[in-house]
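Going line by line, the protein sequences match chains Z, V, D and X.
Residue numbering for the first sequence follows this note's numbering, starting at 1 and increasing by one per position.
Residue numbering for the second sequence follows this note's numbering, starting at 1 and increasing by one per position.
Residue numbering for the third sequence follows this note's numbering, starting at 1 and increasing by one per position.
Residue numbering for the fourth sequence follows this note's numbering, starting at 1 and increasing by one per position.
There could be a bad hint or two in this list.
Claimed, not checked - Mimicking SDA-like on lysine to any residue, the simulated pairs with C-alpha atoms at most 25 Å apart in a straight line are:
#: 1; chain 1: Z; residue 1: Lys268; chain 2: Z; residue 2: Gly75
#: 2; chain 1: Z; residue 1: Lys653; chain 2: D; residue 2: Arg145
#: 3; chain 1: V; residue 1: Lys28; chain 2: X; residue 2: Val47
#: 4; chain 1: D; residue 1: Lys2; chain 2: V; residue 2: Asp250
#: 5; chain 1: Z; residue 1: Lys426; chain 2: Z; residue 2: Gly9
#: 6; chain 1: Z; residue 1: Lys782; chain 2: V; residue 2: Ala87
#: 7; chain 1: Z; residue 1: Lys782; chain 2: V; residue 2: Gly26
#: 8; chain 1: Z; residue 1: Lys91; chain 2: Z; residue 2: Ala149
#: 9; chain 1: D; residue 1: Lys2; chain 2: Z; residue 2: Asp117
#: 10; chain 1: X; residue 1: Lys129; chain 2: V; residue 2: Gly61
#: 11; chain 1: Z; residue 1: Lys396; chain 2: Z; residue 2: Leu436
#: 12; chain 1: Z; residue 1: Lys653; chain 2: V; residue 2: Ala188
#: 13; chain 1: Z; residue 1: Lys589; chain 2: Z; residue 2: Ala613
#: 14; chain 1: X; residue 1: Lys129; chain 2: V; residue 2: Asp250
#: 15; chain 1: V; residue 1: Lys28; chain 2: X; residue 2: Gly134
#: 16; chain 1: V; residue 1: Lys28; chain 2: D; residue 2: Val3
#: 17; chain 1: V; residue 1: Lys28; chain 2: Z; residue 2: Asp126
#: 18; chain 1: X; residue 1: Lys129; chain 2: V; residue 2: Glu243
#: 19; chain 1: Z; residue 1: Lys303; chain 2: Z; residue 2: Glu425
#: 20; chain 1: V; residue 1: Lys28; chain 2: X; residue 2: Ala53
#: 21; chain 1: X; residue 1: Lys129; chain 2: V; residue 2: Gly154
#: 22; chain 1: X; residue 1: Lys129; chain 2: X; residue 2: Leu19
Read the hints as simulated data drawn from the structure, not as lab findings.
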Amino acid sequence: MATRLFGSGIRRREDPRLITGSATYTDDLALPGMVHAAMLRSPHAHATVGAINISRAQAAPGVLAVYTGKDTREGLQPMPCAWLVPDADLKVATYPCIATDTVRYVGDIVAVVVAEDCYQAYDALDLIDVEYDALPSVTNPAEAARAGAPQLHADVDKNQAFHWAVSGGDVDAAFKDAEVVVKERIVQQRLIPNAMEPRAAVAQYNQASGDLTLWNTTQNPHILRFLNSVVTGVPEDRARVIAPEVGGGFGSKIPVYPGEFITVFCAKQLGRPVKWNETRSENYQATTHGRDHVQEVELAAKKDGTITGLRCTVWAGMGAYLSTAAPGIPTILHGLMLPACYGIPAVKEDVYGVYTNTTPVEAYRGAGRPEATFMVERMVDRLAGEIGMDPADVRKKNLIAAFDDGHDTVTGLTYDSGDYPTALEKLLSHADYTALRTEQATARTSGRHIGLGLSTYVEMCGLGPSQVAGAIGFQGGLWESAIVRVHPTGKVHVFIGTSPHGQGEETTFAQIVADEIGVGADDVKVIHGDTDTTPMGWGTYGSRTTAVGGAALAKAARKVRDKAKVIAAHLLEAAVEDMEFVDGKYSVKGSPDKAKSLADVALMANVAWNMPADVEAGLEASTFYDPPNFTFPFGAHLAVVEVDPATGQVDLKRYVAIDDCGPQINPVIVEGQVHGGVVQGIGQALWEHAIYDDSGQLVTGSLLDYALPRAARLPEIEVLSTVTPSPHHPLGVKGIGEAGTIASTVAVYNAVMDALSPLGVEAIDMPFTPERVWRAIQQATKGH
Amino acid sequence: MYPADFAYYRASSVQDAGRLLSEHPGAKLLAGGHSLIPLLKLRLAVPPALIDVGRIADLSGISVASDRLRIGALTPHAEVAASSEVATHAAALADAAGQIGDPAVRNRGTVGGNIAHADPASDLPAVLCALDASIGIVGAGGDRTVSAGEFFLGMMTTALGEDEIVTHVEIHSGQEHGSAYAKFPHPASRFAVIGVAAVVTADGDTCRSAAVALGGLLPAPVRASHVEQAIGGQPLNEASITEAAARAGDDLGDEILGDVFASADYRQAMAPVYVARALTAAAARAR
Amino acid sequence: MKVPIDITINGRSYQRDVEPRQLLVHFIRDLGGLTGTKVGCDTSQCGSCTVLLDGVAVKSCTCLAVQADGASMTTIEGLADQGTLHPLQEAFWEKHGLQCGFCTPGMILASHELLRHNPDPSDADIRHGLEGNLCRCTGYQNIVRAVRHAADALAEK
Amino acid sequence: MELTASYRFDVPPATLWPLLVDPAVVASCLPGCEALEPVGPDAYRAVLTVGIAAVTGRYEGTVTLADQRPPHAYRLVVTGKGRAGFVNGEASLDLQEDGGGTRLGVQGRAEVGGTIARVGQRLLGSASKMMMDGFFECLRKRTETG
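Input sequences plus hints: build the corresponding full structure.
This is the structure we're talking about:
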């Protein structure tokens with residue numbers, strides 16, 4: 001039996017170039033004659049822009065050009081919003097690439113300088129004099145929605161970008177009949193994605209031919225090519241977008257930004273390649289942020305712990321303008337998930353998308369689902385506290401029983417498959433939950449504050465079907481495409497439309513193809529991220545690269561396999577019906593020695609000297625795969641913390657994750673995704689917070705003040721899994737990119753609250769800075 | 001980020017550096033650069049000239065002579081942290097040097113650069129105050145020595161004159177006492193939200209005398225004289241240390257620093273906690 | 001005012017006239033071909049720019065090129081020996097110690113520094129030793145495993 | 001950013017007041033003030049090099065002494081901008097007779113934008129306090145030298 005690569009934790013094929021420094025990221029490019037752009041950004045959160053004096057900058061050494069909004073008004077159309085959520089009274093405010101009359105957040109671009117080198121470009125920025133007339137600003141979404149708040153856009157009343165509502169079941173009855181109601185006001189603080197690679201763009205434009213090549217740190221080059229044509233006017237067929245090595249994105253490299261379009265504009269004007277690479281400080285101001293919800297939520301239940309309803313109002317900060325996919329995140333990707341893994345029978349949510357004088361908000365790992373999971377899982381723990389039941393028991397009581405082909409929710413989703421109780425049971429037994437509770441009780445008697453926090457979750461990913469995309473206002477499709485091309489020697493090129501950026505699909509996709517057609521993983525080269533060479537695709541986000549792109553690839557590979565069977569049958573002088581694909585060979589049933597390898601078939605297909613009748617030369621297939629439904633990974637997580645009451649420091653002592661993403665193509669890569677995802681969620685609970693001051697300045701504007709998770713503050717993450725295949729996916733796989741993040745924030749939150757519950761502390765805003773925890777303890781102990 | 005332009009001069013000796021400083025008004029000294037270069041990159045510092053003293057050989061190194069521990073200004077933090085002499089004679093300094101920034105920062109950042117910059121959240125100033133260190137300075141007006149307590153005047157403000165250079169730090173050997181440094185690092189910058197250095201001389205389990213200095217809390221480090229008095233003559237047990245540490249607030253006045261991570265009130269409340277931790281660790285070494 | 005400098009990188013001497021303000025990381029990256037050293041932040045926090053300067057790990061974004069005049073440096077491109085991966089590189093590959101790879105060159109060189117001081121580190125030692133390097137993808141766990149794996153491999157040599 | 005401070009002078013408000021509204025005195029006591037030129041009634045164009053140690057920034061802006069109630073109160077309005085960003089501040093100065101001297105209270109707020117706000121939030125409060133202390137210390141010396 002040939003080794004099956006699917007399910008094998010083989011080493012990643014992208015790594016040799018990455019560990020030797022020979023990979024090429026956008027900022028590593030150096031083109032002949034290349035010059036450098038730098039953006040002048042508003043230091044004001046809200047101001048009218050008066051005169052801009054660029055003459056000194058123009059005269060500075062090395063400067064080729066300085067452009068302001070007046071210069072780009074013709075050449076750069078406003079930034080598009082591409083997720084126009086329906087029935088939401090959506091108001092897309094005009095978002096110019098370079099501000100002309102008004103700046104609306106610290107970081108809004110007011111001018112661009114192009115110079116021979118970066119140092120000169122930054123020198124020239126210092127020489128531009130802009131007259132600003134400051135206006136009142138507002139940064140908190142709930143405050144911005146109030147009457148009398150500063151108005152950002154003349155045509156958007158009350159700063160309300162949209163009002164979206166979802167409901168299912170009889171919520172009013174659920175609350176009228178409730179035996180227990182618990183309520184909480186939750187702040188999902190604003191986060192900064194912090195992909196380690198800041199964004200960058202290189203634009204090369206041939207003024208004679210009109211051909212543009214744009215290298216960019218994007219998660220979706222095909223979408224960028226399309227939207228680039230809208231903004232810069234370079235026709236799609238003239239533009240080639242390349243996402244070279246991309247150093248993480250976590251959602252922040254989904255949207256299109258003014259920066260890359262301004263870079264294209266400069267390249268067009270000057271006829272020289274232009275590079276723009278943001279600094280980390282600039283990244284903090286200009287690359288999209290995540291979360292920023294104020295949530296008021298209440299849960300109805302019976303005294304025995306049965307959850308009967310959930311209703312909530314959410315103010316979602318959108319920033320100063322709507323980023324590319326922003327409206328869909330606090331709505332579709334959020335509200336539809338509220339029935340959670342409990343199948344809550346009645347839910348109602350009102351979401352107000354609110355413009356504020358802040359950096360635009362976009363998808364950030366989990367995008368909407370962490371905020372939904374947090375609400376539900378937090379309220380489950382509150383319910384447990386209220387009725388004196390263990391949080392694990394409340395969950396057991398409410399989890400949907402195992403199902404393998406569809407569970408409908410009151411918000412109109414159909415979960416594909418799930419076995420939530422088994423995941424929870426496995427978690428509790430692995431962690432020895434009972435023993436932990438005993439330990440906790442003992443520790444409490446000696447004045448130690450240990451807490452256990454659970455979260456059970458289901459999420460939707462594999463963003464998919466296109467007809468659903470249309471119905472929910474996404475201005476694109478959500479299928480994926482792949483081409484599998486077998487060369488004469490049996491080596492394989494795979495071209496995919498989606499564009500991974502660090503998750504390892506060059507390896508996992510090779511594993512898929514290798515098994516499907518009978519080659520080694522090293523025989524398969526996966527080509528992605530170049531719109532000139534790859535087929536159309538919609539990009540990597542929503543844990544869809546493997547779930548949708550992988551399905552497309554499996555389908556294309558199966559077409560190749562089918563054709564290979566036909567050719568092999570011809571070469572073996574057998575009937576096609578008698579052929580089988582076993583152990584990576586195309587053989588005649590019952591006669592395993594009568595077999596052809598893929599290389600044998602590929603050689604003949606490519607030289608085509610002896611082909612079956614009516615079979616074309618070549619061995620290649622392409623597919624456009626449109627999934628029939630989303631996929632719904634799920635799992636159960638546990639965090640154990642200890643709080644130092646003297647300082648408020650939280651020590652995360654243990655973390656256990658059980659996730660079910662269906663069959664695992666490469667378990668080592670799956671585990672790595674869980675590690676990274678969990679730690680990003682822990683970061684929200686414990687450290688990360690984008691803080692604006694009263695005047696709209698981002699005061700955590702660098703890595704000096706914005707605390708990312710560091711190695712020394714983290715425990716070993718214990719990773720386990722269950723395997724429940726998706727019934728509708730060709731490989732059964734679901735997706736794992738975001739699961740860890742979706743589950744972990746609230747697990748840690750619940751753990752800290754559990755630790756402090758004897759003191760009567762009920763809520764602390766995230767992140768749990770020592771001061772916040774200490775203050776909560778002080779207040780609670782004073783009250784006693 | 002990209003620094004603004006400046007002229008660059010490399011000093012061959014301390015005297016040469018002094019001469020260059022007086023010839024180039026506004027020039028800044030560059031040693032390891034770990035305080036200055038971040039400011040240059042952000043263009044928060046735009047000096048007309050830098051004078052690189054990083055290659056002056058006799059400014060580097062650690063030595064002990066007649067019960068004085070001497071650390072050259074150019075000695076990197078990593079060397080201080082790893083030095084057995086420092087561990088023996090001034091353990092708190094080794095503690096603190098080993099907690100500055102991160103390993104790569106400690107490889108480049110220097111003792112002299114650190115104290116001349118005098119960031120209120122820096123680790124060394126409090127330690128040097130607690131250890132009663134003296135700071136050697138050379139300038140146009142000749143050599144002089146300033147005690148650490150008189151050197152740190154305020155936020156990024158020292159007794160160092162425009163044309164003066166820190167040459168070394170000298171500490172009276174502490175073999176008969178125990179010292180330690182307790183730090184509450186900022187989770188992002190690694191700077192000290194609070195850093196407390198304690199030096200304890202003990203007779204058995206009784207504290208003969210103590211020196212305690214607080215960093216991170218005020219624009220400049222301050223000696224916790226109320227704490228020192230309270231612990232002097234007391235048994236070095238948890239109860240008396242806690243009681244003495246509680247006096248830390250009396251030494252702080254009303255200019256406690258606060259920021260979005262930790263307010264002044266919180267820092268004030270944490271001061272006794274870290275004073276107690278530093279005293280406890282120092283006491284353990286003193287016995 | 002340009003200043004002549006001579007820096008040896010990965011065994012090759014580079015003589016250039018540089019502006020004194022040029023950061024070492026830009027000097028390296030602009031030589032042509034040596035772009036493995038990354039710029040991930042502007043406040044000396046992330047460690048993506050870590051290189052070995054005279055054998056010692058430093059953040060090349062917090063060093064002027066003129067300060068490195070006369071020094072001998074190793075960047076990620078020079079770590080492998082005649083095409084044979086360094087045990088740390090092997091270990092990062094073997095233990096899936098990287099995802100997007102952007103922090104990886106700095107992370108590997110910081111690990112090199114760590115093992116130079118402590119050839120047999122505990123997991124806690126490794127986590128502390130890497131406090132100057134940020135990774136957003138891996139949650140650090142496989143990096144810790146990789147460094148441990150490399151330590152074992154180097155001990156066997 | 002809120003600023004509150006209080007300073008004691010040995011001279012009565014009536015003696016202190018003329019110094020506080022004298023542009024020459026203000027210019028000489030404002031740390032780093034390079035120029036203070038009148039541009040209107042009680043309004044001046046100012047050029048300041050503000051800094052502590054290596055951290056320096058040159059700001060150009062305006063200083064207005066508004067709502068004057070001699071010798072008891074006025075409102076100081078300052079706007080400035082420079083390479084490192086901008087500062088917009090406003091402070092109410094309140095002079096109270098105090099045992100033959102003056103108790104001068106300052107109640108103000110400032111908005112700081114740009115690089116300093118982004119990376120220097122932890123130092124802003126005490127930096128402002130330091131500059132304010134410097135200003136009033138200088139003023140005190142003026143009252144002593146007459």
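Outcome of the hint check:
{"no.": "1", "hint": "Z:Lys268 to Z:Gly75", "result": "holds, 10 Å"}
{"no.": "2", "hint": "Z:Lys653 to D:Arg145", "result": "holds, 19 Å"}
{"no.": "3", "hint": "V:Lys28 to X:Val47", "result": "holds, 23 Å"}
{"no.": "4", "hint": "D:Lys2 to V:Asp250", "result": "violated, 54 Å"}
{"no.": "5", "hint": "Z:Lys426 to Z:Gly9", "result": "holds, 23 Å"}
{"no.": "6", "hint": "Z:Lys782 to V:Ala87", "result": "violated, 43 Å"}
{"no.": "7", "hint": "Z:Lys782 to V:Gly26", "result": "violated, 54 Å"}
{"no.": "8", "hint": "Z:Lys91 to Z:Ala149", "result": "holds, 18 Å"}
{"no.": "9", "hint": "D:Lys2 to Z:Asp117", "result": "holds, 15 Å"}
{"no.": "10", "hint": "X:Lys129 to V:Gly61", "result": "violated, 38 Å"}
{"no.": "11", "hint": "Z:Lys396 to Z:Leu436", "result": "holds, 18 Å"}
{"no.": "12", "hint": "Z:Lys653 to V:Ala188", "result": "holds, 20 Å"}
{"no.": "13", "hint": "Z:Lys589 to Z:Ala613", "result": "holds, 22 Å"}
{"no.": "14", "hint": "X:Lys129 to V:Asp250", "result": "holds, 21 Å"}
{"no.": "15", "hint": "V:Lys28 to X:Gly134", "result": "holds, 23 Å"}
{"no.": "16", "hint": "V:Lys28 to D:Val3", "result": "holds, 18 Å"}
{"no.": "17", "hint": "V:Lys28 to Z:Asp126", "result": "holds, 21 Å"}
{"no.": "18", "hint": "X:Lys129 to V:Glu243", "result": "violated, 32 Å"}
{"no.": "19", "hint": "Z:Lys303 to Z:Glu425", "result": "holds, 23 Å"}
{"no.": "20", "hint": "V:Lys28 to X:Ala53", "result": "holds, 9 Å"}
{"no.": "21", "hint": "X:Lys129 to V:Gly154", "result": "holds, 11 Å"}
{"no.": "22", "hint": "X:Lys129 to X:Leu19", "result": "holds, 21 Å"}
Checked against the numbered hints listed earlier, the structure breaks hints 4, 6, 7, 10 and 18; every other hint is satisfied.
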